[in-house]
Amino acid sequence: MKLRHQLALSAFAVFALIFSGSGLTLIEISARLRQQDQIDALIAQNRAIDGMLSSAAALMAFTPSSFSPQRQLQNQLEKILADSALETGVRILDEEGRIMADSGFPEIDDDQMETPQNDQIWMKIKNTAAGPVLISAHVLPLNDTRLIIQSSADLGALRRNVQNQLGLFFFINLAAYAVYWLALIVVSRRLTQPVEQLAEGERQIAGGRWSQRVPVSGAQELKTLAENFNRMAETVEQKVAELETENQEKEIFINNLSHEMKTPLTSILGYTQLLRRTKMSPQDAEQALDIIESEARRMERLSSRLMQLIVAARPLSECSAAALDSFIEQAVLRLKPALREKSLRLCVECEPLTVLIDEELMQAALRNVLDNAVKASQPQTLITIEAKTTETGWQITVRDEGCGIQDPHPERMLQPFVMEDQARSRKHHGAGLGLALTQRIVQAHGGMVEIDSQPGHGTEVRFVFPPETLAADAKAEASQTKARMGKSEQDKEKTHEEQ
Amino acid sequence: MGKLLLVEDEAPIRTLMRMALTTAGYAALEMSDGRTLIETLEQGGIDLILLDVMLPGEDGFTLLDKIRRYQVPVIFVSARSQLADKVQALQAGADDYITKPFEMMELLARVESVLRRTGRKNSVLKFQNLTIDEDQRQVYGPAGVIELTPKEFDLFVFLIRNRNIALYREEILEKVWHDDYEGTTRTVDMHIASLRKKLGLSKQIVSVYKIGYRLEDRS
Numbered sequence: 001m002k003l004r005h006q007l008a009l010s011a012f013a014v015f016a017l018i019f020s021g022s023g024l025t026l027i028e029i030s031a032r033l034r035q036q037d038q039i040d041a042l043i044a045q046n047r048a049i050d051g052m053l054s055s056a057a058a059l060m061a062f063t064p065s066s067f068s069p070q071r072q073l074q075n076q077l078e079k080i081l082a083d084s085a086l087e088t089g090v091r092i093l094d095e096e097g098r099i100m101a102d103s104g105f106p107e108i109d110d111d112q113m114e115t116p117q118n119d120q121i122w123m124k125i126k127n128t129a130a131g132p133v134l135i136s137a138h139v140l141p142l143n144d145t146r147l148i149i150q151s152s153a154d155l156g157a158l159r160r161n162v163q164n165q166l167g168l169f170f171f172i173n174l175a176a177y178a179v180y181w182l183a184l185i186v187v188s189r190r191l192t193q194p195v196e197q198l199a200e201g202e203r204q205i206a207g208g209r210w211s212q213r214v215p216v217s218g219a220q221e222l223k224t225l226a227e228n229f230n231r232m233a234e235t236v237e238q239k240v241a242e243l244e245t246e247n248q249e250k251e252i253f254i255n256n257l258s259h260e261m262k263t264p265l266t267s268i269l270g271y272t273q274l275l276r277r278t279k280m281s282p283q284d285a286e287q288a289l290d291i292i293e294s295e296a297r298r299m300e301r302l303s304s305r306l307m308q309l310i311v312a313a314r315p316l317s318e319c320s321a322a323a324l325d326s327f328i329e330q331a332v333l334r335l336k337p338a339l340r341e342k343s344l345r346l347c348v349e350c351e352p353l354t355v356l357i358d359e360e361l362m363q364a365a366l367r368n369v370l371d372n373a374v375k376a377s378q379p380q381t382l383i384t385i386e387a388k389t390t391e392t393g394w395q396i397t398v399r400d401e402g403c404g405i406q407d408p409h410p411e412r413m414l415q416p417f418v419m420e421d422q423a424r425s426r427k428h429h430g431a432g433l434g435l436a437l438t439q440r441i442v443q444a445h446g447g448m449v450e451i452d453s454q455p456g457h458g459t460e461v462r463f464v465f466p467p468e469t470l471a472a473d474a475k476a477e478a479s480q481t482k483a484r485m486g487k488s489e490q491d492k493e494k495t496h497e498e499q
Numbered sequence: 001m002g003k004l005l006l007v008e009d010e011a012p013i014r015t016l017m018r019m020a021l022t023t024a025g026y027a028a029l030e031m032s033d034g035r036t037l038i039e040t041l042e043q044g045g046i047d048l049i050l051l052d053v054m055l056p057g058e059d060g061f062t063l064l065d066k067i068r069r070y071q072v073p074v075i076f077v078s079a080r081s082q083l084a085d086k087v088q089a090l091q092a093g094a095d096d097y098i099t100k101p102f103e104m105m106e107l108l109a110r111v112e113s114v115l116r117r118t119g120r121k122n123s124v125l126k127f128q129n130l131t132i133d134e135d136q137r138q139v140y141g142p143a144g145v146i147e148l149t150p151k152e153f154d155l156f157v158f159l160i161r162n163r164n165i166a167l168y169r170e171e172i173l174e175k176v177w178h179d180d181y182e183g184t185t186r187t188v189d190m191h192i193a194s195l196r197k198k199l200g201l202s203k204q205i206v207s208v209y210k211i212g213y214r215l216e217d218r219s
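Order-wise, the sequence lines are chains Z and A.
Heads up: the first sequence begins at 1 in UniProt numbering, then just goes up one per residue.
Heads up: the second sequence begins at 1 in UniProt numbering, then just goes up one per residue.
Please note: incorrect hints may appear among the correct ones.
Claimed, not checked - Using 25 Å as the maximum straight-line C-alpha spacing, the simulated DSS-like pairs for lysine-lysine come out as follows:
hint, chain 1, residue 1, chain 2, residue 2
1, A, K126, A, K3
2, A, K151, A, K203
3, Z, K279, A, K175
4, Z, K279, A, K3
5, A, K3, A, K121
6, A, K151, A, K210
7, A, K86, Z, K262
8, A, K86, Z, K250
9, Z, K279, A, K126
10, A, K175, A, K203
11, A, K3, A, K175
12, Z, K375, Z, K342
13, A, K210, Z, K279
14, A, K197, Z, K279
15, A, K203, Z, K279
16, Z, K388, Z, K336
Keep in mind that the hints were calculated from the coordinates and are not lab data.
Modelling step: build the complete structure from the supplied sequences, incorporating the hints.
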């Protein structure tokens, strides 16, 4: 059942109970009170009659009369009854139960009447043909005899009154119910409207309209509910967008990958077929075999790069404290032959830091960047490697004075398969995964890769790391000394290179 | 049999295509991008263009637009094999679409098919001292018409259009007899024997071990 119906129904039920209950109770109490009044009046009347009879009897003793005492009493009684304006019925009986006087006493069977004890007033409500009647009987000792005085009071009017009240109340009840019910419906609808708006909004969002929000209105709790819901929808929308972009990126990656695979395969397949089925000249055949081999190697390199990419995507397993300067030294060592070949100069500035890294992976990451720097540089130009702390952590910078990156957004180069110049990269057997791998590795360490480039002037690549990977300890002191020594050695080697 | 233009930036693949096509008897011109494309078309004489979609500079689609007015048929070459890509290419106006990696025979078959559809197929072929008229379905030797059965004729044409390439027996059976063969590759052997005799090409129609036959152009 709907909330507002539940609300309305419960409120109505409570109201109905209370209202009807109160009303009926009120009528009932009122009727009882009035009945009590009548009883009290009857009792009072009885007393009055007693008083009158007593004084009449006393008087009788002083008044001579020719009648018998009995007769005298009877006359007196009749007179008293006739003289008194009684509103009720009265009947007076003698000791033996003979009626001595009667004034408007209703017809009842005597055997229904009990003889009261002395000092007791017997009272009962009897139903006569004319309606309910209150009967009382008591004994009045008088002179030598005893009188039984019975009086009655008509309850019919009271009863009828109550019936009228009840009847009236019934209609009042109905009217009250109707009004209350209407009011409830209106109020409950207004109160629960925000709830229904909320439900509708939620339904729409759940149906896929991620950017929709629910209106914030109504009672405080409802507002809070709506706000919370909107916050949740926000999160869902973001997540959906994230997932969609992720998905797109994956698709692009796969498309590029398949392209990179298919190209060497075309050569391998094609030349194999040519060799198998046609008669080629020895030179052509040799060329064909060369191409098959180099394309096969190209595929091998691609697949090993892919494996590295997959490994780099997993959480780092081998993080250990490494002296940054010896790390850089190792990278430089490997680079020496290429530097010599192209007569490139190298400048290394390294702070004596200890860092928490996976050395092997980081070497691979750095290698890619250094190789690119070498490829991009003209002979006699300078390549700089810097490693230092920054305000936000630490970083490694590689700078060259080479041809730079043409793309106005050089960070695009970090995407898989994106290459500066397809032709040149092919020559160097690249597939565009080197920088993507580098970025993966740096990101796995909690850092990021930044690229700045000026076409024709050079490129700068920075690995920026957060302070968490920085380990400052006593080793730093020792490394500092070592760094100073190492630097002077590098100076010597720099001179070598320039020659 | 036709002069073809190859526009492909990957040198090995370009060379591959050239070798396959020239072996089969076509003439081929090579290009690594679209810079001199218009110039070359202006000079005329090109029967078909094999155009790579992913080229540095202007890509295949852009170039296609530019050369539309020369009305030279174009076959797109691409690594993308999705249906959407093929549809896009054909809707852009390409005459056919071949995906990498491709079979050599597929390349030749598509070239032949497009040339035929666009009316540029040479229907008169020559092989040494024989002339073959595809329309008339006649073979002329130095002494006049040489009688061949319909299947023998088809087989001979197939050999010529794929000359210098070793053809698998099953391939021959499929391409020449299509679906209405009820025999085995013995049929092929028998027809080859007949051609050798009737055309005097025993030396030229060479048996290739483990494969089948090759019509050799001793030139």
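Taking the hints in turn, this is what the structure says about them:
The straight-line distance between the Cα atoms of K126(A) and K3(A) is roughly 16 Å, inside the 25 Å bound, and the hint therefore holds. Between K151(A) and K203(A), the direct Cα distance comes to roughly 21 Å. Compliance with the 25 Å bound is thereby established for this hinted pair. At most 25 Å may separate the alpha-carbon atoms for a hinted pair to count; K279(Z) and K175(A) meet this at roughly 22 Å. Taking the CA atoms of K279(Z) and K3(A), the gap is about 22 Å. The hint holds against a cut of 25 Å.
Of the supplied pair hints, the one linking K3(A) and K121(A) holds, its CA atoms being roughly 11 Å apart against a limit of 25 Å. Our distance criterion of 25 Å between C-alpha atoms is met by K151(A) and K210(A), whose separation comes to about 23 Å. With a C-alpha separation of about 17 Å, the suggested pairing of K86(A) with K262(Z) holds against the 25 Å cut-off. Between K86(A) and K250(Z) the CA atoms are separated by roughly 22 Å; this keeps the pair inside 25 Å, and the hint holds.
Using a Cα cut-off of 25 Å, the hinted pair K279(Z) and K126(A) holds, with the two alpha carbons roughly 20 Å apart. Taking the CA atoms of K175(A) and K203(A), the gap is near 23 Å; set against the 25 Å cutoff, the hint holds. A C-alpha spacing of about 24 Å is found between K3(A) and K175(A), which places the hinted pair at or below 25 Å, so the restraint holds. Distance hint between K375(Z) and K342(Z) is fulfilled; the C-alpha atoms sit about 9 Å from each other, no more than 25 Å.
At roughly 15 Å between alpha-carbon atoms, K210(A) and K279(Z) fall within 25 Å of each other, so this suggested pair holds. Note on K197(A) and K279(Z): the hinted pairing holds, with a Cα-Cα distance of about 24 Å set against a maximum of 25 Å. With a C-alpha separation of about 15 Å, the suggested pair K203(A) and K279(Z) falls inside the 25 Å cut-off, and the hint holds. Proximity of K388(Z) to K336(Z) is assessed by CA-CA distance (about 22 Å); at most 25 Å being required, the pair is judged to hold.
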